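Chemist: Generate coordinates for the entire structure from the input sequences, incorporating the hints supplied.
As they're listed, the protein sequences go chains R and Y.
Its first residue numbered 63, the first sequence is counted upward by one per residue in the numbering used here.
Its first residue numbered 1015, the second sequence is counted upward by one per residue in the numbering used here.
No wet-lab data here; the hints were simulated from the structure.
Incorrect hints may appear among the rest.
Quick look at which bits of chain Y chain R covers, simulated, 3 or more residues with Cβ under 8 Å [unchecked claim]:
1) 1205-1213
2) 1222-1228
One-sided and incomplete, this derived list gives chain R residues near chain Y with beta-carbon spacing under 8 Å [said to hold, decoys possible]:
3) 112
4) 114
5) 141
6) 145
7) 160
8) 161
9) 164
10) 168
None of the values given here were measured: they were computed from a predicted structure.
We put the CB at the ideal spot given by N, CA and C, even for glycine.
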Amino acid sequence: MANISFRGVTKRWGAFVGVHELHLEVADQEFLVLLGPSGCGKTTTMRMVAGLEDPSEGEIWIGEDVVNDMSPRERDVAMVFQNYGLYPHMTVRDNIGYPLKVRGTPKAEAKAMIQAAAEKVELVPFLDRKPAALSGGQRQRVALARSLVRTPRVFLMDEPLSNLDAKLRVTMRAELKHLHHELRVTTIYVTHDQMEAMTLATRVAVMNKGIIQQLDAPEVIYNDPANLFVAGFIGSPSMNLVEGRLENGGFHAGLIAVPGVGGGNRENIVLGIRPEDVTVGAPGSGQFDMEVYTVELTGESILVTARAGKTQLTAHADRHFRCEIGERVGMSFDVARTYLFDAKSEERIRL
Amino acid sequence: MTDTPLPGTRPNTQDSSTPEQRRIRRLRRQRAMNTFEAAVMIVIIVLVLFPIGWMVATAFKSPAVVYQYTMWFEPTLENFRNIFSERWNIGKNILNSSIVAISVVIIATPLAVGAAYAFSRLMFPLKRTMFQWILLTQFIPAVAIVLPFYVMFRTLNLLDTYFALIIVNLSGVLPYAIWTIKGFIDAIPIEAEEAARIDGAGRFRVIWDIVVPMAWPGIMTAAIFCLILTWNEFLFGYLLTRQHAVPLPVGLISFVLERGTVWELVAATGIIITIPMFFFAMIIQRHFTKGMNLGAVR
Ligand SMILES: Nc1ncnc2c1ncn2[C@@H]1O[C@H](COP(=O)(O)OP(=O)(O)O)[C@@H](O)[C@H]1O
Ligand SMILES: [Mg+2]
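Modeler: See below:
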């Protein structure tokens, strides 16, 4: 059991900065999710913990140890690689059992542990195959089983469910959550899937361009985004972000005017509002009118995207709501659920 | 769909033939090509196989018919009996060549694996330069360095020893082996090695458990090539040995007598030299195709 601590960790390749002055405390037994777009430095962060990449600056602690100069073996972590990292010349059984073999676990004991790990990820029928004879999802499960076969100080999982089909992903997600509850091993989990982040995380660290944008519990990340990036990145469909200005507390952008959003006057602001906090109705019934651009039926609701001038908004409408493309509709904001950001600094404006 | 020729396309603009006619013409052209290819193949085969066939025939001829250009003769094993007799004692040369070739392979292969791994995966100063220099040694003609080697071994009092032959052959085959194996290691996905390190394997364990099995076809190929090169090596063997360590190809010289060359014995020895190499070449071929397949797995 161990906490992980990043103290001013920077990773540079020449002039390119992959991870910038990272300060992050992962508590013992925590399930921390690193969430961010592709190329934001998630894998790099993970690899530095594992010892596959040396930080250019700063210290990484696992438990009581500074691990900067430790070999991966001494760090005692298990990792699921984004592209599996399987041993193509070994059977699934030997792949899963390799960490045990290296550590000299007695044969009989190892056999039972391999079996248990394979059962967890539903791989038992494939134990005697080579990775080449498996599908992408099956390979990913081998990688997962190989990390679960022993109990390390830290689990590192780099998009471990990204190649599974939707159904298995949901099952495995639940399995991982239960497993973490059972084993209580400190885990850093990388994903670009918000749903995974929201369901699994104790805390979510939203990353962009090598910098943590916000570190909070999932519901806080969702309901109280710290800046424009987090606001736009979290939520699906993503938050409406409209550039405009404040005039006597009312928000103005092109043809839109919404009173009572904030206070005072201010130029260059961005207003954010989630689709579920926008209501659609008959023309004239809302704060302003727009023209329907597309209508998408998602099953449990209807997504209406509408435009007025250059401004475009998406709203979650009731699933019984009906409208046609090109029709005019009335829209209103739930002003209590709007967020304001500074267009230049992209930081949240709290009033 | 009609194929109206695009304006500006020169070939086929006046081609009013149906697709069927065109297909037949293409087939005909293909067949003509095949005849031509076959002819070239036959020429190559004759050029390559004729000397070998000649050698095989000669080896089984009795001295009386060696100089007759006939393929109709009574085959005899007399020449083979002869070369293994006390007089020529080719058995001793076979032993010498075997000891040298096997030692070279046993020493060169692990060294080459280590060096290839380092050049492929590790970072150290002057890596590129060193690798280039190692390859450059391959372009130095053996004749150019045989004299320094001769002087060196004479000074060390090592002329006519296995040791000298092993050293010179090692210097000859190692660059080649390193280069071949490095190519195979380069093709191994680095993730497998990283995964093994996280799973708890140290550097050597990673090489043994991951790199060696995955580069195995390349290692086998390199090892067998080393064996063949050493086995066939002539120049150094000729100049660095007298009687004790004379390797098999150099043994052929003893059939050059004042009264002329004993061709039937040369041919019989030639067969002895060739046969094992022939089998090794087949093994290489098998490993090579396996290597290709393995490369596709990921
Ligand atoms: N070895 C490397 N050399 C140079 N740049 C790298 C290297 N590894 C990763 N990067 C760069 O660092 C950035 C972060 O990469 P990564 O951590 O893999 O992102 P992700 O969040 O998608 O996992 C990317 O822009 C990537 O191109
Ligand atoms: Mg990544």
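Chemist: Each hint needs a verdict: does it hold in this structure or not?
Modeler: Okay, the hints, checked on the actual structure:
no.	hint	verdict
1	1205-1213	holds (count 8)
2	1222-1228	holds (count 4)
3	112	6 Å, holds
4	114	5 Å, holds
5	141	5 Å, holds
6	145	6 Å, holds
7	160	5 Å, holds
8	161	4 Å, holds
9	164	4 Å, holds
10	168	16 Å, violated
In summary, the one numbered hint that this structure violates is 10.
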